[in-house]
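Peer 1: Which chain is which? The protein sequence lines are V and X, in order. For the first sequence, the residue numbers in the working numbering are 916 to 1203. For the second sequence, the residue numbers in the working numbering are 2 to 350.
There's no promise every hint is true.
Straight-line C-alpha distance at most 30 Å; calculated DSBU-like pairs for lysine-lysine [said to hold, decoys possible]:
{"id": "1", "chain 1": "X", "residue 1": "K138", "chain 2": "X", "residue 2": "K156"}
{"id": "2", "chain 1": "X", "residue 1": "K93", "chain 2": "V", "residue 2": "K1099"}
{"id": "3", "chain 1": "V", "residue 1": "K1020", "chain 2": "V", "residue 2": "K1099"}
{"id": "4", "chain 1": "V", "residue 1": "K1020", "chain 2": "X", "residue 2": "K290"}
{"id": "5", "chain 1": "X", "residue 1": "K38", "chain 2": "X", "residue 2": "K52"}
{"id": "6", "chain 1": "V", "residue 1": "K960", "chain 2": "X", "residue 2": "K156"}
{"id": "7", "chain 1": "X", "residue 1": "K156", "chain 2": "V", "residue 2": "K1099"}
{"id": "8", "chain 1": "X", "residue 1": "K138", "chain 2": "X", "residue 2": "K52"}
{"id": "9", "chain 1": "X", "residue 1": "K38", "chain 2": "V", "residue 2": "K1099"}
{"id": "10", "chain 1": "V", "residue 1": "K1020", "chain 2": "X", "residue 2": "K274"}
{"id": "11", "chain 1": "X", "residue 1": "K93", "chain 2": "V", "residue 2": "K1020"}
{"id": "12", "chain 1": "X", "residue 1": "K24", "chain 2": "X", "residue 2": "K38"}
{"id": "13", "chain 1": "X", "residue 1": "K274", "chain 2": "X", "residue 2": "K250"}
{"id": "14", "chain 1": "X", "residue 1": "K290", "chain 2": "X", "residue 2": "K52"}
{"id": "15", "chain 1": "X", "residue 1": "K250", "chain 2": "V", "residue 2": "K1020"}
{"id": "16", "chain 1": "X", "residue 1": "K249", "chain 2": "V", "residue 2": "K1020"}
{"id": "17", "chain 1": "X", "residue 1": "K274", "chain 2": "X", "residue 2": "K249"}
{"id": "18", "chain 1": "X", "residue 1": "K156", "chain 2": "X", "residue 2": "K52"}
{"id": "19", "chain 1": "X", "residue 1": "K24", "chain 2": "X", "residue 2": "K93"}
{"id": "20", "chain 1": "V", "residue 1": "K1020", "chain 2": "X", "residue 2": "K156"}
{"id": "21", "chain 1": "V", "residue 1": "K1020", "chain 2": "X", "residue 2": "K38"}
{"id": "22", "chain 1": "V", "residue 1": "K1060", "chain 2": "V", "residue 2": "K960"}
{"id": "23", "chain 1": "X", "residue 1": "K52", "chain 2": "X", "residue 2": "K93"}
{"id": "24", "chain 1": "V", "residue 1": "K1099", "chain 2": "X", "residue 2": "K274"}
{"id": "25", "chain 1": "V", "residue 1": "K1099", "chain 2": "V", "residue 2": "K960"}
No wet-lab data here; the hints were simulated from the structure. Keep in mind it's a predicted model, so treat the numbers as computed, not measured.
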Amino acid sequence: MAITEQKNRNSYGLLNSLRAAVWLEWQTRGNWTNPWLFTLYILGKPISAALVLVFMYQIVSGGRSNPTILGYLIVGSATWAFVDTVMGEFPRTVLSDREEYAMLKYVYIAPHRFITFLIGRATPRILMAAVAFTVTLSIGVVFLKIPIHIVSVNYLLLLVTMLIGFVSLIGFGVAFAGLALVLKRGAWDMSTAISGALYLVTGAIFPITILPGFLRDISLVIPLTYWIELTRRSVLGYSSPGMPSSWAVTLLIQIITTILVTTIAVIAYYICEHFAKERGQLDRATGN
Amino acid sequence: MTAAHMHADSPAIQTIDVRRVYKSRSGFTFGGQKAGKSVTALDGVSLTIQKGELFGLLGRNGAGKTTLIKILTTLLAPTSGEAYVDGLDVNKYVIPIRKKIAMVSGGEQSGYGILTVREQLWMFAQFYGVPSQAAHKKIDQLLEAVGLGDQANQKVYALSTGMRQRMNLCRALVSDPEILFLDEPTVGLDVEASRIVRNYVRSWMQEQRGRTVLLTTHYMFEADELCDRVAIINHGQIVAQGETDDLKKGLQEHARFQFELAEWAPAFEEELKQSRGVVSAQSMHQKGKVSVQIALENEEYITSAMQTISSAGGHVLTLRRIEPTLEEVFMRLVGTADDEKSAGEDEEK
Chain V
916 MAITEQKNRN SYGLLNSLRA AVWLEWQTRG NWTNPWLFTL YILGKPISAA LVLVFMYQIV
976 SGGRSNPTIL GYLIVGSATW AFVDTVMGEF PRTVLSDREE YAMLKYVYIA PHRFITFLIG
1036 RATPRILMAA VAFTVTLSIG VVFLKIPIHI VSVNYLLLLV TMLIGFVSLI GFGVAFAGLA
1096 LVLKRGAWDM STAISGALYL VTGAIFPITI LPGFLRDISL VIPLTYWIEL TRRSVLGYSS
1156 PGMPSSWAVT LLIQIITTIL VTTIAVIAYY ICEHFAKERG QLDRATGN
Chain X
2 MTAAHMHADS PAIQTIDVRR VYKSRSGFTF GGQKAGKSVT ALDGVSLTIQ KGELFGLLGR
62 NGAGKTTLIK ILTTLLAPTS GEAYVDGLDV NKYVIPIRKK IAMVSGGEQS GYGILTVREQ
122 LWMFAQFYGV PSQAAHKKID QLLEAVGLGD QANQKVYALS TGMRQRMNLC RALVSDPEIL
182 FLDEPTVGLD VEASRIVRNY VRSWMQEQRG RTVLLTTHYM FEADELCDRV AIINHGQIVA
242 QGETDDLKKG LQEHARFQFE LAEWAPAFEE ELKQSRGVVS AQSMHQKGKV SVQIALENEE
302 YITSAMQTIS SAGGHVLTLR RIEPTLEEVF MRLVGTADDE KSAGEDEEK
């Protein structure tokens, strides 16, 4: 292939890299076992998490189930599958490619923005989480009789809030990936710790009104709070305590906080990447 | 001036007084030695490598070779100085540089183990914008060329170290880079795998004019065999650079020859030592044969030295000129640099 031919290639960048990164993640996540075991792997965690919450609720309520509260728990838990599955993928990609595969430097010096590669790697996780979301809700409807009526779901609102939610998830993930670039191998635990903190303050399993004041203030600037709320509202049809009563206002706040958080996250990523390059950490494996 | 204009007639690689200092709160071990809380990996490195050259950068472990490659491949920022790849500043034109380069590092088990060899290469071709069909064709060619044709559909985790390194060479070449960085590509490989890598690098260079390779190695024979020019780096500084023959000639103060004689008499050595132009003469007895090494003021005195042997009754079976090896050049220069450094340190004390 001639050098001139190579110079004429103008299709570098976003789409090819994104596609290859998506494909890589799908291969590395799904190619290790047979499809049935893989499906069980995808569904196991979110369903177990939802059932744990339901059993805890049943014990606390003394067996007197309230479908409204059960619906709150199940929808929050199902939506959280996206956060849990997608957000942690970003730092995990950095760490596994640097520490296990020793490929980070080769991927990094390819002619694309590394951030594109990271987004590509996280994308199949959205699909996996979507499957878990649907199955968890289905179990809630069939076995726990939560009040979801397929015909009355606001699908348009669900779609819009989901798409904006994915943007905020990518924002958080990108920032964590940046941190993983400058942190050592122990950063494996970082996303779990932050995810746990967000689980507490975003209204995933209980209304934010029961949080202490300063934590409630924090939850009001996190876009995930509005995402989970709007998902609940579009599926169940009612709002949660402490949230604006208008879905349009909630959506507007979700959009604004998403833009703010994602912008800050991308800036934070580039600052971390700059420091990693300055310090020579991009290909420095810290394991062993 | 735009990036597109800057690289028209530029050298493939140019560094001007590049320094790189690593800092750590807890201290470093660098090049096998405790180096304190900061270490200067590169100390004013200036190099120019023209397009079409296969240039060798030689140095011990920790001399700064890999650091320089990291800077040139946009993995690491220089602390100061300037570095250009095809005329493009490594600090400013990161993506345009990456379109032109590829890198292979030796001594590591890199690769996405769950992918097949073909899949891994295809994926990298996608990163570089090579159309899928062209990529598969190129992958077949490369794998055949490095003897991995039968392993195309094998998982990467099942490859031996040598096979994995050959695959990594293919990974770098699948995008048809203009400038290839090979960082100790044969370290840890067996003789056969090393030979395949060296042969393919050589033929890749010959395939098309204008391709450039920067090879770092501490195998002197590898540099001698492959490189047009070399630079020797020690403690982050370039201590010599030039064509390998010139470096060897520069080292040689006297013309050295070796005779093999049918028989020996002690008088030969004495006669030789007194012969015109002979600086030294030394005889050795090995496996029933006698050989004599002589050093001459210049090669013209070889005729008179031969005549001296003949007149003393000696019968010369073979005669050959002794050329210094690159390894001797390396040891002399690096040893000298280290000696000077330790002498300087002694003076300071």
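Peer 1: So, for every hint listed, does it hold in this structure?
Peer 2: Verification of the hints:
The hinted pair formed by K138(X) and K156(X) meets the criterion: a straight-line CA distance of about 19 Å does not exceed 30 Å. Our distance criterion of 30 Å between C-alpha atoms is met by K93(X) and K1099(V), whose separation comes to about 28 Å. Taking the CA atoms of K1020(V) and K1099(V), the gap is about 16 Å. The hint holds against a cut of 30 Å. Taking the CA atoms of K1020(V) and K290(X), the gap is about 56 Å. The hint is violated against a cut of 30 Å.
For the suggested pair K38(X) and K52(X), the alpha carbons sit about 38 Å apart, so the restraint of at most 30 Å is broken. Distance hint between K960(V) and K156(X) is fulfilled; the C-alpha atoms sit about 29 Å from each other, no more than 30 Å. Distance restraint check for K156(X) and K1099(V): the Cα-Cα separation of roughly 29 Å lies within the 30 Å cut-off, and the hinted pair is therefore satisfied. For the given pair, K138(X) sits about 27 Å from K52(X) by alpha-carbon distance, which is consistent with the 30 Å threshold.
Taking the CA atoms of K38(X) and K1099(V), the gap is near 18 Å; set against the 30 Å cutoff, the hint holds. For the suggested pair K1020(V) and K274(X), the alpha carbons sit about 60 Å apart, so the restraint of at most 30 Å is broken. This hinted pair checks out: K93(X) and K1020(V) have alpha carbons roughly 19 Å apart, not beyond 30 Å. Among the hinted pairs, K24(X) with K38(X) is consistent with the structure: their alpha-carbon atoms are about 6 Å apart, no more than 30 Å.
Proximity of K274(X) to K250(X) is assessed by CA-CA distance (about 24 Å); at most 30 Å being required, the pair is judged to hold. Straight-line distance between C-alpha atoms of K290(X) and K52(X) comes to about 49 Å, which puts the hinted pair past the 30 Å bound. With a C-alpha separation of about 39 Å, the suggested pairing of K250(X) with K1020(V) is violated against the 30 Å cut-off. About 36 Å separates the Cα atoms of K249(X) and K1020(V), which puts this hinted pair outside 30 Å; it is violated.
The straight-line distance between the Cα atoms of K274(X) and K249(X) is roughly 25 Å, inside the 30 Å bound, and the hint therefore holds. As the CA atoms of K156(X) and K52(X) are separated by approximately 36 Å, the hinted pair breaks the 30 Å bound. Restraint check for K24(X) and K93(X): the C-alpha separation of about 23 Å stays at or below 30 Å, so the hint holds. Only pairs whose Cα atoms come within 30 Å are accepted, and K1020(V) paired with K156(X) is accepted, the gap being roughly 21 Å.
A distance of roughly 25 Å separates the Cα atoms of K1020(V) and K38(X); the hinted pair therefore holds under the 30 Å criterion. Only pairs whose Cα atoms come within 30 Å are accepted, and K1060(V) paired with K960(V) is accepted, the gap being roughly 21 Å. Restraint check for K52(X) and K93(X): satisfied, since their Cα atoms lie roughly 21 Å apart, inside the 30 Å limit. At most 30 Å may separate the alpha-carbon atoms for a hinted pair to count; K1099(V) and K274(X) exceed this at roughly 66 Å.
In summary, the hint linking K1099(V) to K960(V) is supported, as the alpha carbons are separated by about 27 Å, within the 30 Å threshold.
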